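Asker: Protein chains in written order, with our numbering: chain F, 514 to 914; chain G, 514 to 914.
Any given hint could turn out to be false.
Same chains, same label: a pair holds when it works inside one copy or across any pair of copies.
Quick list of in silico lysine-lysine cross-link-like pairs, BS3-like style, CA-CA up to 27 Å [what the hints assert, rightly or not]:
no.	residue 1	residue 2
1	K852	K741
2	K739	K794
3	K794	K592
4	K592	K741
5	K726	K592
6	K739	K592
7	K866	K734
8	K515	K852
9	K852	K610
10	K794	K852
11	K733	K594
12	K733	K515
13	K726	K636
14	K794	K603
15	K866	K852
16	K603	K866
17	K848	K739
18	K610	K636
19	K515	K739
20	K594	K852
Rather than coming from a laboratory, the hints here were simulated on the basis of the structure.
Remember, predicted model here, so these are calculated numbers, not experimental data.
There are 2 protein chains.
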Amino acid sequence: MKNCLVAQSGGPTTVINASLAGVVRANQLNPVYDTVFGGLNGIEGILEDRLYDLTNMTEFENRVLRQTPSSALGSCRYKLKRTDDTDYRKLVAIMDKHDIEIMFYIGGNDSMDTVDALSQWAKENNINKRFVGIPKTVDNDLMVTDHCPGFASGAKFANYVVNATWLDYHVYTRAEVFILETMGRDAGWLAGSTVCTGKVDLVVLPEVAFDKKVFLAQVKKCMDEKGKCYIVTSEGAQFADGTYIAAGEAANDGFGHAVLGGAGETLKRMILEAGIAPRAKVQDLSSAARSSNFAQSLVDVTEAFELGISAHSRSANPTFTGHVVAVQREMRDGKYNAKFIAGPAENFANHVKHVPTEWILDGYQGLTQEFHDYVNPLMAGEPTLIMDGNIPATVIPYHQR
Amino acid sequence: MKNCLVAQSGGPTTVINASLAGVVRANQLNPVYDTVFGGLNGIEGILEDRLYDLTNMTEFENRVLRQTPSSALGSCRYKLKRTDDTDYRKLVAIMDKHDIEIMFYIGGNDSMDTVDALSQWAKENNINKRFVGIPKTVDNDLMVTDHCPGFASGAKFANYVVNATWLDYHVYTRAEVFILETMGRDAGWLAGSTVCTGKVDLVVLPEVAFDKKVFLAQVKKCMDEKGKCYIVTSEGAQFADGTYIAAGEAANDGFGHAVLGGAGETLKRMILEAGIAPRAKVQDLSSAARSSNFAQSLVDVTEAFELGISAHSRSANPTFTGHVVAVQREMRDGKYNAKFIAGPAENFANHVKHVPTEWILDGYQGLTQEFHDYVNPLMAGEPTLIMDGNIPATVIPYHQR
Chain F
514 MKNCLVAQSG
524 GPTTVINASL
534 AGVVRANQLN
544 PVYDTVFGGL
554 NGIEGILEDR
564 LYDLTNMTEF
574 ENRVLRQTPS
584 SALGSCRYKL
594 KRTDDTDYRK
604 LVAIMDKHDI
614 EIMFYIGGND
624 SMDTVDALSQ
634 WAKENNINKR
644 FVGIPKTVDN
654 DLMVTDHCPG
664 FASGAKFANY
674 VVNATWLDYH
684 VYTRAEVFIL
694 ETMGRDAGWL
704 AGSTVCTGKV
714 DLVVLPEVAF
724 DKKVFLAQVK
734 KCMDEKGKCY
744 IVTSEGAQFA
754 DGTYIAAGEA
764 ANDGFGHAVL
774 GGAGETLKRM
784 ILEAGIAPRA
794 KVQDLSSAAR
804 SSNFAQSLVD
814 VTEAFELGIS
824 AHSRSANPTF
834 TGHVVAVQRE
844 MRDGKYNAKF
854 IAGPAENFAN
864 HVKHVPTEWI
874 LDGYQGLTQE
884 FHDYVNPLMA
894 GEPTLIMDGN
904 IPATVIPYHQ
914 R
Chain G
514 MKNCLVAQSG
524 GPTTVINASL
534 AGVVRANQLN
544 PVYDTVFGGL
554 NGIEGILEDR
564 LYDLTNMTEF
574 ENRVLRQTPS
584 SALGSCRYKL
594 KRTDDTDYRK
604 LVAIMDKHDI
614 EIMFYIGGND
624 SMDTVDALSQ
634 WAKENNINKR
644 FVGIPKTVDN
654 DLMVTDHCPG
664 FASGAKFANY
674 VVNATWLDYH
684 VYTRAEVFIL
694 ETMGRDAGWL
704 AGSTVCTGKV
714 DLVVLPEVAF
724 DKKVFLAQVK
734 KCMDEKGKCY
744 IVTSEGAQFA
754 DGTYIAAGEA
764 ANDGFGHAVL
774 GGAGETLKRM
784 ILEAGIAPRA
794 KVQDLSSAAR
804 SSNFAQSLVD
814 VTEAFELGIS
824 AHSRSANPTF
834 TGHVVAVQRE
844 MRDGKYNAKF
854 IAGPAENFAN
864 HVKHVPTEWI
874 LDGYQGLTQE
884 FHDYVNPLMA
894 GEPTLIMDGN
904 IPATVIPYHQ
914 R
């Protein structure tokens, strides 16, 4: 008898549960493991022996799970220390207790680091446990993989909202600036994606050191030309010295990351103080962008599901550990196609994939055709939603059962 | 030869263009008028003779128009003075110039007042021009009509976002408050509608004088019980003396209405200062709720379209003026059905339909079954969207052509 464990960590996305559904479904199609345990609230809950048996989930629940936003297993911000293996040993004891030989960890940068640390440590200590990563992040900032599940659905929702609010804000003739803020701490993929609407005048990304003078001059130029300026900013917009422009409102989370929010309000203040526009409105997409199950990209949710299957299937090979499954882009007759790959977790972890600076136009004026060509195929298609009355059906989160 | 004019005013909604599409389509099915002119930017643009010929719109454009958010004709906040008929005479001159005998005005409270004022004045001065109102408002605060087109789609979007962000915010075990803010200056229909998700712990409506002590006690109770508290507040939440709780950030628009925003942030400040929760997050739906074409209610968009048809058809009767078309609810075998009616504009204008206080539970704990039964049927169904690449197709606004 051998079992597997699957858990989720970090910030949720709209399709992180599709990867979970993929692992569970793959094991129903080929029962490599007797039991598929879900670890509740990531490492934090697993260390407290909080597991949930997912093995015999119905096909219908599996389908609803794929359209359920958030982490259905719960999440955590708990980071295992590389300098002290107390938690590692505790984790192995829990795995032993339940005959678990492998753990699938669905997460972002920090989770891939955890996969790397655990698998290295297990090898060094001749412990027969394996750790495999499945990527996710709305920020799209993981290395190796062409893109991260969760990004395209966030981008699709951001595109929907930009298109809708741009129309809404243009109904009056009055001079006014509109500022939409998106998530994106260190990378501007999500904010940048909104240029695909063709509606964005200026876009502020973390990749470009913020220059107040240049920015305000561009806003002024736009207002002079048409009396309107639609701006999208990433929450992580920052000055040359790395200070977030929203720094005044920053706090710290457990990982030493700044908790952001407020870049849009900061830009609004700058614009009004400079007297460039008499009015400015801010809309912050905030966590709606990473939970917008009503705006899933079909490509995104499908790939997230298939990455779960891919991780499970590859794990039938007993040497498969310390790896992360990922997507490589291949163009077939000019059309996007996803190829599934896997690589060492250390290559994914603790690096940030930025929007290439050669894709960013000067003066906050948007992004190049290469960027459009990169993002557009990822947002394609809309899955048919299973409804529960007037809202999309969702499973009851396992960590709340 | 006789023509008609249709225009839009006030804040846009997700389905205000469906009513416009209804008028245009009705005239194609029965050409009562030779030309259907769209007045650009409401009264403001009409007084500048800015008209657009909509008569021969294709059926496909008509269909896309129904799913285009914002006011495709543009809007205005210009209010005709009852004390001075200069603008009235100017308007009639423009109508005469284009052989226009009737104007359909799609709008809220103020626009229905305009319909009333113009039709009264025309009668008193023996001027053979007619004025008919078609209601809209995401706030749902018009009298006479059972509900206002635009409300249900806003409510549907708000329900989508509450359901999604509730799941997102529950993934961590940490104690935290989530506050969602919706539009709703004087009436709490939109904020209240979110209780239909079954996810909202506390809801703050303008109808109930805000009592900080009671509110904070309720938040504390909720946090003590489960370490989480999901709150929805209307932007118009107000103290007993009528001061908005967000008053610090209020400004004024041309009508003497306070321009709101910030009720959520105010509640957050109160909760953190009282030490009831260590963290609180605010999400403001802002104008996304009234432009969420990707979350239209099928009932809402259908009724909005049919109200346009109804107004046009009734206008074939030459005595039909100073009236507003509306919807009456009738229950057939326990199921919702809309009956189309019309009534004098004066009964619609300058009153606010509040959420009945007998439907509001004490201590911000939500709303009664009567409220649920009122809102739920209005949000039913999802229209099939016509897509333009990865986003819903929209027409180019006529005021921008």
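Asker: So, for every hint listed, does it hold in this structure?
Answerer: Here is what the structure says about each hint:
With identical chains, the CA atoms of K852 and K741 are never at most 27 Å apart, being 43 Å at best within one copy and 41 Å at best between copies. Proximity of K739 and K794 under a CA criterion of 27 Å is satisfied intra-copy only: 17 Å inside one chain copy versus 35 Å between copies. In this assembly of identical chains, K794 and K592 lie within 27 Å of each other by CA distance solely across copies; the values are 23 Å between and 38 Å within a copy. Taking CA atoms no more than 27 Å apart as the test, K592 paired with K741 passes between copies only; the shortest distance there is 23 Å, against 45 Å inside one copy.
Neither within a single protomer nor between protomers do K726 and K592 lie at most 27 Å apart by alpha-carbon distance, with minima of 40 Å and 39 Å respectively. In this assembly of identical chains, K739 and K592 lie within 27 Å of each other by CA distance solely across copies; the values are 25 Å between and 50 Å within a copy. For the identical chains of this complex, K866 and K734 are neighbours neither inside a copy (32 Å) nor across copies (44 Å), given an alpha-carbon limit of 27 Å. In this assembly of identical chains, the alpha carbons of K515 and K852 never lie at most 27 Å apart, being 30 Å within a copy and 63 Å across copies at closest.
Within a single copy, K852 and K610 get their C-alpha atoms no closer than 37 Å, and across copies no closer than 65 Å, so neither meets the 27 Å cut-off. For the homomeric pair K794 and K852, neither the shortest alpha-carbon distance inside one copy (42 Å) nor that between copies (39 Å) is at most 27 Å. In this homomeric assembly, K733 and K594 never come within 27 Å of each other (Cα to Cα): the closest approach is 49 Å inside a single copy and 35 Å across copies. Taking the shortest Cα distances, K733 and K515 never come within 27 Å of each other, neither inside one copy (65 Å) nor across copies (46 Å).
In the homo-oligomer, the alpha carbons of K726 and K636 never lie at most 27 Å apart, since the shortest distance is 54 Å inside one protomer and 58 Å across protomers. Taking the shortest alpha-carbon separations for K794 and K603, neither the intra-copy value of 51 Å nor the inter-copy value of 34 Å comes in at or below 27 Å. Proximity of K866 to K852 under the C-alpha cut-off of 27 Å is restricted to the intra-copy arrangement: shortest distance 19 Å within a copy versus 57 Å between copies. In this homomeric assembly, K603 and K866 never come within 27 Å of each other (Cα to Cα): the closest approach is 33 Å inside a single copy and 61 Å across copies.
Taking CA atoms no more than 27 Å apart as the test, K848 paired with K739 passes in neither setting, with 37 Å inside one copy and 50 Å between copies. With identical chains, the CA atoms of K610 and K636 are at most 27 Å apart within one copy only, with a shortest distance of 20 Å there and 87 Å across copies. Proximity of K515 to K739 under the C-alpha cut-off of 27 Å is found in neither arrangement, the shortest distances being 66 Å within a copy and 36 Å between copies. In this assembly of identical chains, K594 and K852 lie within 27 Å of each other by CA distance neither inside one copy nor across copies; the values are 34 Å within and 66 Å between.
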